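Using the sequences and the hints given, assemble the complete structure.
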Amino acid sequence: MSTLTAHFDLPLDGTAPAYARGAVVALLGAWGLRDRDWLDAAMTVLSELVSNAVRHGGGAVVVDVEAYGRQVILSVADGSSVVPRPRRADGTGGLGLTIINAYTTRWYVQSYEGGKRVRAEMPPCPGDGVTAGGTSRTEPA
Amino acid sequence: MSTLTAHFDLPLDGTAPAYARGAVVALLGAWGLRDRDWLDAAMTVLSELVSNAVRHGGGAVVVDVEAYGRQVILSVADGSSVVPRPRRADGTGGLGLTIINAYTTRWYVQSYEGGKRVRAEMPPCPGDGVTAGGTSRTEPA
Amino acid sequence: MNITAHRDGDGTARLTLDGDLDMATAGSLDGHVVRALTGERPRQLVIDAAGLSFCDSSGIHALVRARDTAHRHGASFVVSNTTGITRRTLEITGLLGTLTTVSPRVTG
Amino acid sequence: MNITAHRDGDGTARLTLDGDLDMATAGSLDGHVVRALTGERPRQLVIDAAGLSFCDSSGIHALVRARDTAHRHGASFVVSNTTGITRRTLEITGLLGTLTTVSPRVTG
Ligand SMILES: Nc1ncnc2c1ncn2[C@@H]1O[C@H](COP(=O)(O)OP(=O)(O)O)[C@@H](O)[C@H]1O
Ligand SMILES: Nc1ncnc2c1ncn2[C@@H]1O[C@H](COP(=O)(O)OP(=O)(O)O)[C@@H](O)[C@H]1O
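Residue numbers (the numbering used here), protein chains in the order written: chain F, -4 to 136; chain E, -4 to 136; chain C, 2 to 109; chain Y, 2 to 109.
Hint data in this document are derived by calculation from the structure and do not stem from the laboratory. For clarity, every value in this text was computed on a predicted model and none was experimentally measured. The C-beta atom is built at its ideal place from N, Cα and C for all residues, glycine as well. Take these hints with a grain of salt, some might be off.
Some chain F residues near chain E, calculated using beta-carbon distances under 7 Å [what the hints assert, rightly or not]:
| no. | residue |
| --- | --- |
| 1 | Asp4 |
| 2 | Tyr14 |
| 3 | Gly17 |
| 4 | Gly24 |
| 5 | Ala25 |
| 6 | Gln105 |
A few chain C positions that, by computed beta-carbon distances, are all more than 10 Å from chain F [stated by the list, open to error]:
| no. | residue |
| --- | --- |
| 7 | His33 |
| 8 | Gln45 |
| 9 | Asp49 |
| 10 | Thr101 |
Structure, rendered in structure tokens:
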């Protein structure tokens, strides 16, 4: 089973979620993880994590993606040590953690370089694609 | 001046250059580096480096992107310690290093974890966008 | 995200969404909603989500705000043509029915 | 990469490229070139690059091979409508003139 990782910085910016989705969907594609529905769910989770880091976290935002075979963990760190807590949804927010809950098998918070890191474990990606050895010839979108 | 970095694994696959371009163009966009002509040149250099790693390098392919303000270094490591050398172009190859030469300010080879890493320094990206502080509101493509 | 505004003959204001609705683009939807509801006041606001390729909680909150704004302006509201991940996420948050069933204009 | 093949009345085979030409897609161009030159033999092969959004050295080598294959089949060859980064990279490699000027069919 192959382990593949990615690690990158994101500036605190309203466009960070969209660019993060663009980068991570390409990375997961390179890793052979290309199931459309699974990618949609993973991108939704990532978008919630990055949006929360930009909105509530502050400081340096760092994204980590780890794939152990078809098992993927998405992590987003920020500079705040405040632990995310579900809150009642209203017109301005409160649905992010509900969505993360629904699309992940589990998620948890670690302390990370003075701030924290939220780690979200996705259910395994369906299908079988490239591993580190590389076989799939599917063309990128 | 802000320093932003990205680091990711790529499987040995013919689609690796395309996915790498997709990931890195999104990362550079997140970092506020969005000049179309400059991105086109950077993506060409990246594509040559990754294609060479897949074609000639083998082993684990690792991409690093570093931005010091608007100054960017693209690095691609592979498992071969053979140092790339320009060769006369023919119908099957030989233009990659010419292109890398033309679009970079300089490039060089380092030894890296039993293999090597080719580092390519791009000329500074024109314009002024987000830094780690974050201000630009340009929408991703 | 591209938003196109139409006005139908029957007093329906229609906003057609194309692209991703998230933190970066939700504000643009807010603006279009207000513009669609002012001036020639529509009886109904329809948000056509057929071209919506992505929508996270920031997007859903913008849709909820659109509904509230429509009702405040005396217009009925509905999100039409939700598909794929947008529909799944609306289901998960319990807002699919609320947003995709026509909610009547409040006459006061 | 999407490749569309047309056959004009005057004996021109035309391949229209749409997308990125690189390591992953060069082989598909090779295949289209051979198919375009066999069967009803064209007098000319035109590769229309207007929709070509990206082309690295793997792509340029595929264009050079297309030209060689056309000449071997007695067809003239040209790449038309190169723009942006493709044109810049062709210039850098010294192949812009070679590929974008009609190279006559070799009559043997
Ligand atoms: N990265 C974070 N840092 C600090 N607090 C957070 C973070 N993410 C979430 N929270 C807290 O948890 C609450 C619930 O988060 P969420 O369900 O995503 O809703 P929203 O972000 O829309 O308010 C937030 O309102 C916030 O107080
Ligand atoms: N990552 C690499 N590892 C080992 N050798 C390399 C690598 N990159 C390039 N080379 C060598 O340098 C030569 C020239 O590279 P290049 O100009 O890119 O042409 P091409 O890859 O098309 O042959 C290659 O043919 C190869 O022998």
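The hints, checked one at a time:
A least Cβ separation of about 4 Å between aspartate 4 of chain F and chain E falls short of the 7 Å threshold, and the interface hint therefore holds. Against a cut-off of 7 Å between C-beta atoms, the interface hint on tyrosine 14 of chain F holds, since the closest Cβ of chain E lies about 3 Å away. At about 3 Å, the closest approach between the beta carbon of glycine 17 of chain F and any beta carbon in chain E falls short of 7 Å, and the interface hint on this residue holds. Given the 7 Å rule on beta carbons, the hint for glycine 24 of chain F holds: about 5 Å separates it from the nearest Cβ of chain E.
With a least beta-carbon distance of about 3 Å to chain E, the hint placing alanine 25 of chain F at the interface is held under the 7 Å criterion. This hint is violated: glutamine 105 of chain F has a C-beta 19 Å from the nearest C-beta of chain E, more than the 7 Å allowed. The beta carbon of histidine 33 of chain C is kept farther than 10 Å from every beta carbon of chain F, the shortest such distance being approximately 17 Å. In this structure glutamine 45 of chain C is separated from chain F by more than 10 Å, as the shortest Cβ-Cβ distance comes to about 21 Å.
Distance check for aspartate 49 of chain C against chain F: the nearest CB is about 20 Å away, which clears 10 Å, and the non-interface claim stands. The claim that threonine 101 of chain C lies off the interface holds: its Cβ sits roughly 16 Å from the closest Cβ of chain F, which is beyond the 10 Å cut-off.
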